[in-house]
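In the working numbering, the protein residues as written are 1 to 757.
None of these hints come from the bench; they were simulated from the model. Among these hints, one or two may not hold up.
[As the list claims (entries may be wrong)] Computed cross-link-like contacts, DMTMM-like style, restricted to lysine to aspartate or glutamate with a CA-CA straight-line distance of at most 20 Å:
id, residue 1, residue 2
1, K189, D237
2, K447, E487
3, K469, D535
4, K470, E403
5, K398, E684
6, K190, D268
7, K469, D242
8, K295, D203
9, K590, D639
10, K481, D535
11, K447, E479
12, K282, E199
13, K442, E479
14, K745, D242
15, K398, E200
16, K493, E554
17, K755, D445
18, K483, E533
19, K590, D695
Bear in mind the structure is a predicted one, so any value in this text is a computation, not a measurement.
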Amino acid sequence: MGNAWNRGRVWELSRTLLGNRYEVRIQIKQLPRQQGERRASPCLWAAATREEVKPKTLPPAPAVPTVPAVPAPTCGGLREGGGGRRPALTLRAARDQGWGHLFSLCSLLPPTDLRPLDILSEVIPPSGSGPSGGLRMIQAQGARGFQLSAVYSPRLLSFPASRIFLHCDLFPEEFSIIVTLKVLNLPPKKNEYIFTVVEEASDTLLVGLRYSPRKLHFLFLSRERSGSWQTRVTFQDVPLTDNQWHTLVLAVSESSFSLTADCSVPTDVIVDTPFPMSLTMKGSRFFIGSRRRKKGTFTGLLRQLVLLPGSDATSRMCPSRNAQLTVLSIPSVLQDLAGMPEDEVLRFPYEADMKVTLGPRPQCTRREPARFWFDASRRGLYLCVGTEWVSMIEAKVKLDYVEEHQSLATPSETMGIEVFTIPHVGLLAAAANRQASSTIYKWVDGKFVSYQNLPTHQAQAWKYFTIGKKVFLVVANFEPKEKGRQELSVIYKWSPRKLKFVAYQRIVTHSARDWEAFEIGGESFLAVANHREGDNHNIDSVIYKWNPRSGLFETNQTVATSGAYDWEFFTVGPYSFLVVANTFNGTSTKVLSHTYVWLLGSFRLFQSFLTFGAADWEVFHIGERLFLAVANSHSYDSDAGAQTNSYAVNSVIYELNVTAQMFVKFQDIPTYSALDWEFFSVGEDYFLVVANSFDGESFSVNSIIYRWQGYEGFVAVHHLPTFGCRDWEAFNTTTGSYLMYSSAKEPLSRVLRLKIS
1 MGNAWNRGRV
11 WELSRTLLGN
21 RYEVRIQIKQ
31 LPRQQGERRA
41 SPCLWAAATR
51 EEVKPKTLPP
61 APAVPTVPAV
71 PAPTCGGLRE
81 GGGGRRPALT
91 LRAARDQGWG
101 HLFSLCSLLP
111 PTDLRPLDIL
121 SEVIPPSGSG
131 PSGGLRMIQA
141 QGARGFQLSA
151 VYSPRLLSFP
161 ASRIFLHCDL
171 FPEEFSIIVT
181 LKVLNLPPKK
191 NEYIFTVVEE
201 ASDTLLVGLR
211 YSPRKLHFLF
221 LSRERSGSWQ
231 TRVTFQDVPL
241 TDNQWHTLVL
251 AVSESSFSLT
261 ADCSVPTDVI
271 VDTPFPMSLT
281 MKGSRFFIGS
291 RRRKKGTFTG
301 LLRQLVLLPG
311 SDATSRMCPS
321 RNAQLTVLSI
331 PSVLQDLAGM
341 PEDEVLRFPY
351 EADMKVTLGP
361 RPQCTRREPA
371 RFWFDASRRG
381 LYLCVGTEWV
391 SMIEAKVKLD
401 YVEEHQSLAT
411 PSETMGIEVF
421 TIPHVGLLAA
431 AANRQASSTI
441 YKWVDGKFVS
451 YQNLPTHQAQ
461 AWKYFTIGKK
471 VFLVVANFEP
481 KEKGRQELSV
491 IYKWSPRKLK
501 FVAYQRIVTH
511 SARDWEAFEI
521 GGESFLAVAN
531 HREGDNHNID
541 SVIYKWNPRS
551 GLFETNQTVA
561 TSGAYDWEFF
571 TVGPYSFLVV
581 ANTFNGTSTK
591 VLSHTYVWLL
601 GSFRLFQSFL
611 TFGAADWEVF
621 HIGERLFLAV
631 ANSHSYDSDA
641 GAQTNSYAVN
651 SVIYELNVTA
661 QMFVKFQDIP
671 TYSALDWEFF
681 SVGEDYFLVV
691 ANSFDGESFS
701 VNSIIYRWQG
711 YEGFVAVHHL
721 PTFGCRDWEA
731 FNTTTGSYLM
741 YSSAKEPLSR
751 VLRLKIS
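Using the sequences provided together with the hints, build the complete structure.
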């Protein structure tokens with residue numbers, strides 16, 4: 001027959017046909033294996049010979065009835081619909097030729113003709129048989145999979161091996177196992193089984209596949225070489241536990257084991273003990289997601305589990321447009337991606353893997369597809385698409401009025417507030433207090449309560465930022481600890497063990513007013529606004545860069561500033577910008593504030609603005625439009641003398657003109673020694689609130705909320721009584737939306753609640 005895929009052993013069967021002169025010998029052979037040839041189970045390949053021999057003296061042969069036609073048996077014992085039915089070579093003797101028996105042998109077709117055997121489908125109950133108690137169908141990241149829920153009854157997700165190996169009880173020598181799964185994070189040293197084949201009588205594991213963090217293990221029993229000991233083939237650094245779909249192809253041939261993950265470059269492992277040629281499946285049972293016991297059960301999602309005899313399945317599956325979900329054979333119920341099939345409602349508990357986040361606006365990234373955010377303040381549901389939140393359902397809400405929610409007594413006057421959220425800890429607010437310590441507050445039961453005190457020296461501002469998983473808080477100290485000593489601002493690091501901030505790094509500053517943290521190209525930076533050194537306001541402010549090797553911030557660039565009060569970072573497309581608020585040059589508050597653009601590793605001057613004691617910049621977007629608002633605090637020139645009502649000065653909103661590649665004036669707004677702007681939104685409305693601090697006679701000045709009116713610009717809608725107002729912060733919780741302001745003239749800050757209808 002000219003085929004030599006299976007060689008090495010010889011089984012002989014001879015039968016003498018009575019009453020005739022022919023003897024038929026049928027040999028099922030394994031001939032010597034040639035280099036480069038693939039092998040297969042002895043159940044799969046056969047050779048038949050017929051030869052003429054000398055007549056023998058035999059008694060008269062009885063009449064031989066005609067043998068009826070019999071369908072060819074299944075090659076390799078694999079039933080149709082699983083491994084597929086292979087054509088068989090059928091030898092039948094006619095009466096006149098004296099062939100009195102029927103012989104059926106597997107033909108010698110190439111191994112690639114074998115069909116995949118869908119193991120996962122074997123544990124799915126037939127249609128109409130009622131619901132499955134062991135499977136739960138979940139749709140995650142656009143694909144369906146089964147969550148195995150039969151933890152306490154692993155036998156529910158098992159079936160006898162004889163259901164697959166009908167006519168031959170030997171496991172194929174050469175085969176591929178294809179698995180598509182989604183794995184959650186595993187604790188160290190934990191293993192979970194994807195499938196096993198267990199000998200029922202002795203509870204011996206014959207074949208198995210399991211994984212641990214970053215490892216995949218293939219187990220098999222070779223009594224010929226290892227006795228009763230199992231052989232384990234381990235693939236290192238297999239990134240499965242990332243909560244993403246992955247498709248694995250494990251190809252086995254003798255001592256060679258090859259693993260291909262998501263159609264990438266295969267990993268090959270050679271072991272001393274080859275996979276056995278005659279591993280019997282008699283009296284064994286397949287278990288899906290377990291080893292016949294509760295321990296080590298599979299907790300992720302399983303979408304595809306296929307056995308392909310006699311072939312490496314990689315060439316049939318790769319390359320693929322979606323390598324993580326490439327399909328050879330999956331249960332039909334998992335094929336439809338859009339919605340839940342009507343005929344499967346009662347058979348499988350079903351759910352979609354949708355994550356709904358509550359609370360403040362979370363980050364939207366491409367790593368979290370199908371993530372939802374419910375904003376209680378807007379009463380809206382939003383879907384993360386790419387990097388933007390898209391409104392799915394949103395109530396038409398509007399801001400009715402503002403009411404006092406909490407009067408927060410502080411140890412001393414508060415120059416600034418930073419509100420932030422630490423994951424798994426909660427909402428916190430850091431107050432920059434004028435005296436020798438500042439307080440961090442935590443939001444508990446709808447109110448801020450004291451949480452931690454930190455030593456500071458006339459603190460002006462706090463800035464919260466993260467680097468990877470590290471959480472930091474940096475304070476701008478305006479005065480030194482002792483007269484005649486150098487001022488030091490301090491970076492504090494959050495300790496997950498102590499649940500407190502601890503001092504991490506001290507940096508020399510000069511009457512620091514503000515810190516700004518930002519990231520460019522994956523690198524982290526801090527910019528300090530140095531206000532003055534002694535009586536000299538024309539000094540350098542410094543931009544620091546994080547050194548991952550030393551774990552410290554180091555000087556990266558200095559920028560000449562004049563009484564710097566505030567830094568603000570923003571991006572426009574691929575470009576990064578920093579804008580500084582210059583307040584005083586030693587003789588006048590009428591000075592230029594500057595915007596810098598990041599080019600070739602440093603910030604370079606981009607545009608200058610005429611400002612009057614600039615104390616703050618606020619950057620915000622409305623649709624596709626980008627705005628910059630400056631808070632002008634004081635119009636003063638020593639050469640001209642103090643101007644009448646010099647604290648009543650316009651603050652300015654600028655808009656980016658993309659065509660002109662510069663910011664142009666959009667709107668003037670009358671303010672009274674404005675020290676801060678804060679932008680926020682309610683429903684589809686956008687607002688700006690200004691911190692008016694002094695009108696030239698009194699610190700009791702109304703701060704004002706302005707609403708965006710499109711063509712009209714920002715229009716005043718709410719007047720809020722404040723006293724020496726220094727800073728505004730807007731934040732959201734699950735119970736509503738709030739504004740908080742600090743007073744630089746009394747030890748009292750206030751939390752205001754936005755009443756929305």
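So, going through the hints one by one against the coordinates:
1. About 14 Å separates the Cα atoms of K189 and D237, which keeps this hinted pair within 20 Å; it holds.
2. Taken as a hint, the K447 and E487 pair is broken in the structure, with Cα atoms around 34 Å apart against an allowance of 20 Å.
3. Distance restraint check for K469 and D535: the Cα-Cα separation of roughly 41 Å exceeds the 20 Å cut-off, and the hinted pair is therefore not satisfied.
4. Taken as a hint, the K470 and E403 pair is broken in the structure, with Cα atoms around 37 Å apart against an allowance of 20 Å.
5. About 8 Å separates the Cα atoms of K398 and E684, which keeps this hinted pair within 20 Å; it holds.
6. Distance hint between K190 and D268 is unfulfilled; the C-alpha atoms sit about 24 Å from each other, more than 20 Å.
7. Pair hint K469 plus D242 holds up; C-alpha atoms about 17 Å apart against a cutoff of 20 Å.
8. Taking the CA atoms of K295 and D203, the gap is about 15 Å. The hint holds against a cut of 20 Å.
9. As the CA atoms of K590 and D639 are separated by approximately 12 Å, the hinted pair is consistent with the 20 Å bound.
10. For the given pair, K481 sits about 19 Å from D535 by alpha-carbon distance, which is consistent with the 20 Å threshold.
11. Of the supplied pair hints, the one linking K447 and E479 is violated, its CA atoms being roughly 31 Å apart against a limit of 20 Å.
12. With a C-alpha separation of about 8 Å, the suggested pairing of K282 with E199 holds against the 20 Å cut-off.
13. For the hint pairing K442 with E479, the CA-to-CA distance comes to about 27 Å; that exceeds 20 Å, so the pair is violated.
14. Pair hint K745 plus D242 does not hold up; C-alpha atoms about 52 Å apart against a cutoff of 20 Å.
15. Pair hint K398 plus E200 does not hold up; C-alpha atoms about 68 Å apart against a cutoff of 20 Å.
16. A hinted pair counts as satisfied when its Cα atoms are at most 20 Å apart, and K493 with E554 qualifies at roughly 17 Å.
17. At roughly 18 Å between alpha-carbon atoms, K755 and D445 fall within 20 Å of each other, so this suggested pair holds.
18. For a cut-off of 20 Å, the pair hint linking K483 to E533 stands: about 13 Å separates their Cα positions.
19. A C-alpha spacing of about 18 Å is found between K590 and D695, which places the hinted pair at or below 20 Å, so the restraint holds.
Against the hints set out earlier in the document, violations occur for numbers 2, 3, 4, 6, 11, 13, 14 and 15.
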